[in-house]
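**Student:** Chains as they are written, first to last, in the numbering used here: chain H, 1 to 640; chain C, 1 to 252; chain F, 1 to 401.
Keep in mind that a hint or two might mislead.
[To be verified] Label pairs and their calculated CB-CB ranges: (1) Leu126/C <-> Trp162/H: 56 to 62 Å; (2) Ile293/H <-> Gly194/F: 47 to 53 Å; (3) Gln131/C <-> Trp624/H: 33 to 39 Å; (4) His71/C <-> Trp624/H: 55 to 61 Å; (5) Trp325/H <-> Gln74/C: 43 to 49 Å; (6) Val152/H <-> Gly194/F: 42 to 48 Å; (7) Gly554/H <-> Lys119/F: 28 to 34 Å.
Everything labelled a hint here was simulated from the structure, so no lab data went into it. Beta carbons are placed, not taken as given, at the ideal position from N, Cα and C, and that holds for glycine.
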Amino acid sequence: MTLSGLLVQLLNGLVDASSLFLVASGLSLIFGVTRIMNFAHGSFYMLGVYVAYTFVSHMGESVGGFWVAIILSSLMVALLGALIEIVILRRVYRAPELFQLLATFSLVLILQDLALFIWGPEDLFGPRAPGLTGSIEILGRNFPQYNLVMIVIGPAVLGILWLLLNKTRWGVLIRAATQDREMVSTLGVNQAWLFTSVFALGCFLAGLGGALQEPRIPANLALDLESIGTAFVVVVVGGMGSIPGAFLAALLIAEVKALCIALGTIHIFGIDFPMSKMTLVAEFLIMAIILVIRPWGLLGKPQATARNDHSAEPPLRPSLPIFKWCTAALVLALVLVPVFEETFPYAQIILVEIFIAVLFAASLHFVMGPGGMHSFGHAAYFGLGAYGAAILVVTWKLPMELALIAGPLLAVLGALVFGWFSVRLSGVYLAMLTFAFAQIVWSIVYQWDDVTGGSNGIFGVWPSDWLSSTTALYYLTLSIMLAGILILRRILFAPFGLAIRAARDSSLRADAIGVDVKRVQWVAFVVAGLFGGIAGAVYVFSKGGISPEAIGVGRSIDGLVMVLLGGVQTLFGPIVGASIFTWLHDSVARETDYWKAVLGMIILLIVLIFPAGIVGTLSHLWQWIKHHRPLQTKKVEASK
Amino acid sequence: MSLLTINNINKAFGGVKAINNVSFELPRGQLLALLGPNGAGKSTCFNMLNGQLKPDSGSIKLEGVELVGRHPRQIWNEGVGRTFQISATFGSLTVLENLQMVLLSRDKKLFRLWTPAASYYKEEALVLLDQVGMADQADRACSVLAYGDVKRVELAMALAHDPKLLLMDEPTAGMAPKERNQLVMLVKKMVIDRNLSVLFTEHSMDVVFEHADRMIVFARGELIADGGAEDIRNDPKVREVYFGSGKSFEAA
Amino acid sequence: MSKVLYKLLIGGVLASSFVASASWAADTIKIGEVNSYKAMSAFLGPYKKGWEMGLDEINSQGGVLGKNLEVIYRDDNANPGDAIRVAEELRTREKVSMIFGGFLSHTGLALTDYAKRRKMIYLAAEPLTDKIVWENGNDYTFRLRPSTYMQVAMLIPDAVKLNKKRWGLVYPNYEYGQSAVATFMQLLSKAQPGVEFVVEQATPLGKIDAGSVVQALDDAKPDAIFNVLFGADLGKFVREGNTRGLFAGKEVFSLLTGEPEYLDPMGAEAPEGWYVTGYPWNKIDTPEHNAFKTAYEAKYGEYPRAGSIVGYTSIKTIAALIKKAGSTDTDDLIKAFSGLSHNTPFGPITYRSQDNQSTFGAFVGQTALVDGKGEMVNFRYVDGADVQPSDEEVAAMRPAN
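With the rest of the complex left out, here is chain H (with noise of 0.2 Å):
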């Protein structure tokens, strides 16, 4: 490569980190006030691709109607998000932590097939930049003449922002709540309109990302969950809430990026490595070190705790008789399923997807509830325990009792090492931080054929004769779900279990009553990975096979979803979460086409009415009723 190449080449990374300064600014900006980590941001990237390529096919054809049609994009998007955020999220601010989350992924599911709805499954191309179509020639090279404008927007929005935040009462505002939510409240300042301003503002920012790139990709529907991924990378790296963070962290990833590109196959100890290939991977891997050795990002500083919204969970109380009735009675109920199978033959096969979901969200659980470790990449360790086992059968031709018990072990070391990492971090950065190792092994185990298959996968990966009929799974996976909870129980009920919520609740306290906080976490994270793992080599058995979809994002955020869904405070809330989200998946999409759009209204719709979960909210209504039952006849009495 020459020194003009490469000089060319960091050019181009210069495009790539302004798009993704542009997207990853407003996500900053609105976590940095309103502390939602949103998940849809992505999404208004993408309606601010379609929206422009609508607006520039109309009215794009002269330069003036071109850019006036992409500031118009940027305007819709932006009154989208105000009209989502006084719609739906000022309902969510009071609700626990993260549960903002649901109602984001929520609007991700919805956003997107409302995208399908207006503009269809094909990608549109739009037209290019009118007086921009052309390149011009920079050492040799032909380089698109819009690219340059692109270099120049960059840092332009970073200029607009700095002086928005620093010279206006605003910005003031903003940079206050940044810092103390509740100050800026106390102040007499409308907190809400401010919320709603920075909200818009934020997806302005990602429709005018989205915007500017009309004339570079095509829209099309993977837009959104391929941007809000890089997004938070971004994001994170830079420091949350700081805009100049989110900046340095676009150009350091851009241009890592452009560098593998730009060496293509490189020859190490004679072996040949192409370098490309490394882009798949490139952000995680610079997320996870940068997080290793700032602990805050670039330029970002300690989290203040958020005061409001932690409201406190109530001690873990031994079951009441009825309670442990009635699950002796459900777990009855599961025992005899196998005697109607002519009646419900689809019954145990979507059971067994249950119980592996169950399993699997328990153990996230007990990291993100009691540990109070919110881990964005559980999926690790459900893929690790997953290819443990599949690999050891078949290539290692362990029998299948063997690598169930061998293959979670895998997990274990996987949770080792990213827990002894992720405990020195805390919050958002700590999520991030499990996310990236996640990231990191799904990227391995894509491109590692000769030993994971690649992207396709293991298959042949079947349990032993003696298990092989629906029924015996079913027994098999059914036990296995039940020993896992009940032990997770139990441990939560003993000393360690004491001391992760004690180490959850005050780690200042914690450490001046002589607890090792790191190792209590560290403890968690391995345990939780170990069942997650378990989870992971029961799926293989179940499916025949694993595949890198199945240990990916999607998975982690699944475990979220479910967990959240069930309420996190609560030992049976991710069971239930569970359950029904997996079986509204499965039913859902038998119905409609558009069952992403379906299953997100009902994920929001349960997210309105129970704000502190399913189970959550129900146990708060019991105690309520408890509670007010006495109270309500001792009135009577004193009325007569």
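On the provided structure of chain H, position chains C and F as indicated by the hints.
**Tutor:** Coordinates of chains C and F only, in the frame set by chain H:
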């Protein structure tokens, strides 16, 4: 020999000296009050004593053992208990479980995964709670207690591993006057019964002057006075600091 | 939608999730279909229309064995695990006689393995991976569409003819891209010794950094480029390549780019002069295809895509299969499938007995801009039977059953 020996400790935050060359000693069985206006460096001093902050220089010795550079949990292991200005207990645990946590930690049983925690140290924990008058609320969650009660639970927790030294940052803040006196009298009793040493900060001057065996005064990061109630009342430097900031002991 | 919500609310779905289908099903022959409809909607929409049209034709002509065919289709979320779940549902609850479908390699392979385990016939309609009929092939699995190997082999003669020495490679970083490139390198090196592959760019699927990739290719100064990118990646790559002049003076060989699914979204920016495999829907002038095209356009008011042909032909294969077998018993179906021949819009095809691959072919030609959009010109139909390795090689690759 003194229990606690502090020698020339310094701490600066971004060039601002929070603690400047402070030295003092604390013998066994003494209730020592640390006084000073806001920003005098009291909390910084406390945080250095229990290892949350590391002094820039100087030494802190507990019975000859250097504490500087040690982690809070190691210092706790050496026999130093602590309560916080904004009390820190485990909100989602019951009062009893809070105490059981400390006892489990004392005996290194935190990593037990099987036997229910409820079966550990119940009696011992109840005895400790009884001392602070919280036994009847043992089954309530810490998060729903009245603030004064949380402070008492915290005290019981700080005493649970039978420390040699107890550090109390504003132990009576937010309490009613009657409660304050009760709490400090309780502490005073421990000092006498167990030969415990206590270092505490306190805003309420009547509490301090009534119960403290000795007091030291900080101003702008420096130790400006050390002595009994009479000495401190009459110390010109102390008067200057307090009157200069518009306060008097009598008024405070 | 509100109907669906209503159903959910009253718990109607609860019943339908578990209970076996009603008994009226007895007078139809049920066929299961599994595909990634949601994830790949642009490609599978036309495919679905194709099999629906074929199904209507079959049933309006009296069905098969005196019964109507019924297709029950399910979405697999582009996830092999879900593909297995819905296949299990189709088997246990719907009691289908066989399954077809699949688009992505990994769901296709998962279903291939599933077919063997549950001893159920699977017709892999769209997935391209060679493994379905070779390494992972089995007696129960058959494939309609020309495989990756076959598609690449179709392009080789033209590539050899041009005799270019320095080649650049660009492909999506997953099995399809990797195996296409591996096959291309292997076949071209064999046919044209001394050929050099000077640059190789493996891009993350759907997330190509087009500018950097185009420049990296250009900087290596290849004489010709072999491209496996498709969909949105291809669009970005072509636009960036046009602006930067990457394609000037270079020959480009590109898999599948002549299919309307990939060519049409590029509109006026469609590349010119590329050697591609594909489907020139508006230029094929044979009675079989004209009949198909006319019927399709009449039914749906839009032109057929490659997926339409595949969907239509799949269901026709199934009808022909059951007719030949005379029953829906799996063993009878296997016997009938081997060597099964029937006519298609592309002419007659046969399912080869040596590897269960059909001889369904594809068109090879060059791209050109006609009236502001991309089309295939100078094309010819390549029969699938002509682009296969020798029978010995195939036998060596297929596992002994």
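**Student:** Can you tell me whether the CB distance of Trp325/H to Gln74/C sits inside 43 to 49 Å?
**Tutor:** holds (48 Å)
**Student:** Taking 55 to 61 Å as the stated bounds, is the beta-carbon spacing between His71/C and Trp624/H within them?
**Tutor:** violated (43 Å)
**Student:** Holds or violated: the 42 to 48 Å window for the beta-carbon distance between Val152/H and Gly194/F?
**Tutor:** Holds, at about 47 Å.
**Student:** Could you check the hint for me, namely that Leu126/C and Trp162/H are 56 to 62 Å apart, CB to CB?
**Tutor:** Holds: the Cβ-Cβ distance is about 60 Å, inside 56 to 62 Å.
**Student:** Against the range 28 to 34 Å, how does the distance between the Cβ atoms of Gly554/H and Lys119/F compare: consistent or not?
**Tutor:** holds (31 Å)
**Student:** Evaluate the given range 33 to 39 Å for the C-beta pair formed by Gln131/C and Trp624/H.
**Tutor:** holds (35 Å)
**Student:** Do Ile293/H and Gly194/F keep their Cβ atoms within the hinted range of 47 to 53 Å?
**Tutor:** holds (49 Å)
In this structure, only the earlier hint numbered 4 is contradicted, and the remaining ones agree with it.
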